[in-house]
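Participant: The residues making up each chain are set out below.
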Amino acid sequence: MTQPLVLVVDDEPFILRSLTFVLKKEGFGVETASNGLEALEKIRRLRPRVVFLDIMMPRMNGFEVCGQVKSDPELRDTYVVFLTAKGQQIDKVKGLIQGADEYITKPFSPRVIVQKVREVLGSRQPTREQLRW
Amino acid sequence: MMDSAAATAEKVHVADRELEELIGRIRFTITVRRFTIAAFAAALMLLRLVAGVTVPEAALIGLVAWFLFTFLLAYWVEGRRQAQQRAGPWAAGPLDQADIWAVPTAGEVSVPVPRYAEQVEEKVDPYRELENLHVTYFVFEMILVTGIVHYLGGAEWLGSILYVFTIFYANMFLPRAKGMLVTVIGSLLFAGLGLLEFSGAIPHQPFFSRGLYQNSAYLLTVLVTLPFGLFPILGFSVSVFSEALQKKSLQMQALYQQLQGYAGELARHKDELEETVANRTRDLQAAYDELKRAHQELQALDELKSSFLANVSHELRTPLTSIRSFSEILLTYPDEDREAQLEFIQIINQESERLTRLINDVLDVAKIEAGKMEWNMTEVRLDEVVREAARAARPLFAEAGLDFEVSIEDGEYVVMADRDRILQVISNLLNNAAKFTPQGKVRLGMRRINDTAEIYVADTGIGIPPESRDRVFDKFYQVSEENRLDGAKTKGTGLGLSICREIVEHHGGMIWVESEVGMGSTFYFTLRLVPGRRAAAEAAATRVPETLEFGARPPAGDGGLVLVVDDEPGIRRSLRYLLEKEGYQVIEAASGREALELCKQRRPDLITMDVLMPDLSGFNVLEELKNRPSTAEIPVVMVSIVEDRDRGEALGASAYLTKPLDFPELSRTVRSLLSRDPRRRKILVVDDDPAVGRSVQTALAHEGYEATYVSGAEEALRAVRRQRPDLIISDLVMPGMNGYELLRALKKEPSTRDIPVLVLTGHPGREGKVTALSMGADRYLTKDEGLAQLLKEIRTLMGQRGRS
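Those protein sequence lines, which keep their order, are chains A and V.
If you're matching positions, the first sequence starts at 1 in the numbering used here and goes up one per residue.
If you're matching positions, the second sequence starts at 134 in the numbering used here and goes up one per residue.
Hints were generated in silico from the structure; no laboratory data involved.
From the three backbone atoms N, C-alpha and C, an ideal C-beta is built for every residue, glycine too.
Misleading hints may appear alongside valid ones.
What the hints assert, rightly or not - Examples of chain V residues toward chain A, derived with CB under 7 angstroms: (1) His447; (2) Arg450; (3) Thr451; (4) Thr454; (5) Ser455; (6) Arg457; (7) Ser458; (8) Glu461; (9) Leu464; (10) Gln479; (11) Ile480; (12) Trp508.
Please work from the sequences and hints to get the whole structure.
Facilitator: Laid out in structure tokens, this is it:
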């Protein structure tokens, strides 16, 4: 059995870099996408279990990606977590966010991301790093 | 006006009704008469035929009866008329006003006047109608009389005369149609009678066949009766009506004219009202439109602000996320290899710079909004600034894979400007160019156009759509996603260009953009050049030695002792680390009091001072230090998040830096303050004669001093407050504030008390010398003592006060 896959979608390369680093360290398979279209394509092809999704992205924003995923019977079970910049914006888009499973506001700690992934995928034997977090 | 118009209308209405009544009555009388005449004629014929009454008898009876009847009728009518006049001229009964004259109430714009005017128009000439009636009446009677006379008397010729007269009369005075009718009827009657007589159906009794006597009585009766009886009575009875009617008619006409006047006035008034209403409506509409526009503008602004907030929030959180993530990563995985750690630290560093830039932008906008931006205007060599901006931006373009070209036309580019702000504008434009240019090249250039310098940044980027071109300099505005050719997400705060515009406009310049979508954009801005300042600018340029650039390492260990004052241990730690790296000895103080204590024990060569500290503010400490003779000479660098350069410098700070600290700048500042060549000390020359002042200034500059010239004492005080000189050379006799007053002011102020003052006067006198020296002047020289003597005295003074 392959590693459970996590997809991180953000147009900020440093955020991709940090999350990839941490999730890989924690023993998860990680894929990245830097825009909405790429994300949708990778979700269809790679079937990740968890998707971390930025909202403000070029080509296709996070809401649209989430909407497409949640309306597709085959992809519906994908766990979608929005990465949002909390602000006024959040009130405006609450309705849209409801389609997703959860949202985490920036600036987040990588620890929270790891915990979330672990929660969703069901805890396996704790790793060394897991104990440290 | 309304009231009198209403009254007039009412009068007209009453007169109108009376007139109608009169006309009706006349019609009635005429009808009655017609019937009575016919009845009399029939009765007479019957009398004659049946009772055998002779013709003259019958005629006499008929005429007398007729006369009586007519007279009685006239009498009755006259009686009625008089009775009516006694009852009052307009006692024709109550008026139904509402029917024709709805009294207009205020605000109601119903206009009854035209309605009424039309009614009046229909009866435009009642007198004429009456005349017609009168004539018709007369003609009918004449026809009847003719017939009767003709038949009873058999008088053909008289009948013929009457007939002719009637026809003539009718055709003269009646309208054509009525005249014709009368002619036809009269002719038929006349011819019918003749025919009847001729055919023997009625007995023929020729006038002359009865003999002259018999007939002469009849003739006489007819002749007498007609002029004296019939016509006068007729005339009288009709004239009664006629007179009344005429009067009424005149009255009516007068009233009507009056009414027409009112109607005109009313119409005018109505037009005025309508115009007023239209104007008001227009004004109201305009005001409404204005409001609507303002509202829309506000809404747009509000939306811009919302999106700005969302953007700022996003822009703040993004770098913060990276900083937080990578610092946590570094802490969590300390065993990670050095290369990865370095990469993460670089990211943290880069992202914190991004955060700083953003915060600075937001603060700049806030400051500009509040009018609190501080401007440090000096003479600046613009070509230097452009080169510096280019140098700083080069790595950015290299990284983005863009070609970068700089072209500066030869020439003098000296402007009065805030150097850092102009640098900010150019950097901002270059950053934008890099951001919006996927490939190609960016050119930065400067050229001279008359007395202005034009700086441009041209890129081969995505360009700006025409509808956005005017707005890119607006606050918060960003070319929206839909309008952007590459469809990329809009990033940044949308403040950069608005700040650029504020800065350029503050300098009296202009900023604009030329662009073509898909081809690229060129941003231009202009600054006014200071004419004929070549020498000064070059001197200024040489004053900043290249060795002070960041990166040149000072000789280690001999940098001197630096006191770092800050309540934040993290900042103390970083400053200590950096300054020690630069080769200085560092001591720390965590509060203002501690700093003052430390200064008593060890005399530092330089102090860096925080402003916001819990016990004593940095400004208070600075003031205290400058008040103590032992510490007054120590240069103090203020390091603060509070931008109050003026206050810092007024209190005697040597430099003012803002957090987050730009380390190269700090390093440069500290170095320049500590390695100051005594011969490059600052001297302020005060003289009201520019020839003297300038020549002294030039001489001092030749000697390597940094000399500034001002032409008056007030200006001198301002200059001293701005930058503390190491020596002041002052004239005594000056317009306005003189040299003595300047001395007094300087000696009163603790921060300026110990600046040495050399009095250089053109009016030697023992008294002046004593006064000046007693007031605290350090030397007293006369202008004719010569330049060599002056320089010698300056060297002596500087030597005395120099830092050991």
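Participant: Determine for every hint whether it applies to the structure shown.
Facilitator: Checked hints:
The interface hint given for His447(V) holds, since its Cβ lies 4 angstroms from the closest Cβ of chain A, which is under the 7 angstroms cut-off. Restraint check, Arg450(V) versus chain A: the minimum CB separation of about 4 angstroms is within 7 angstroms; hint holds. Satisfaction of the interface hint for Thr451(V) is found here, the shortest Cβ-Cβ separation to chain A being roughly 5 angstroms, below the 7 angstroms cut-off. Annotation: interface hint on Thr454(V) holds; nearest CB of chain A at approximately 4 angstroms, less than 7 angstroms.
Below 7 angstroms, beta-carbon pairs count as interface contacts, and Ser455(V) has one with chain A at about 4 angstroms; its hint therefore holds. Look at Arg457(V): its Cβ gets to within about 5 angstroms of chain A, closer than 7 angstroms, so that hint holds up. Interface hint at Ser458(V): satisfied, since its Cβ lies 4 angstroms from the closest Cβ of chain A, which is below the 7 angstroms cut-off. The restraint placing Glu461(V) at the interface with chain A holds, with a minimum CB-CB distance near 6 angstroms, inside the 7 angstroms limit.
Interface restraint check: Leu464(V) against chain A, minimum CB-CB distance 10 angstroms, threshold 7 angstroms, status violated. Given the 7 angstroms rule on beta carbons, the hint for Gln479(V) is violated: about 10 angstroms separates it from the nearest Cβ of chain A. Proximity of Ile480(V) to chain A holds as hinted, the smallest CB-CB distance being about 5 angstroms (cut-off 7 angstroms). The restraint placing Trp508(V) at the interface with chain A is violated, with a minimum CB-CB distance near 33 angstroms, outside the 7 angstroms limit.
In summary, the numbered hints that this structure violates are 9, 10, 12.
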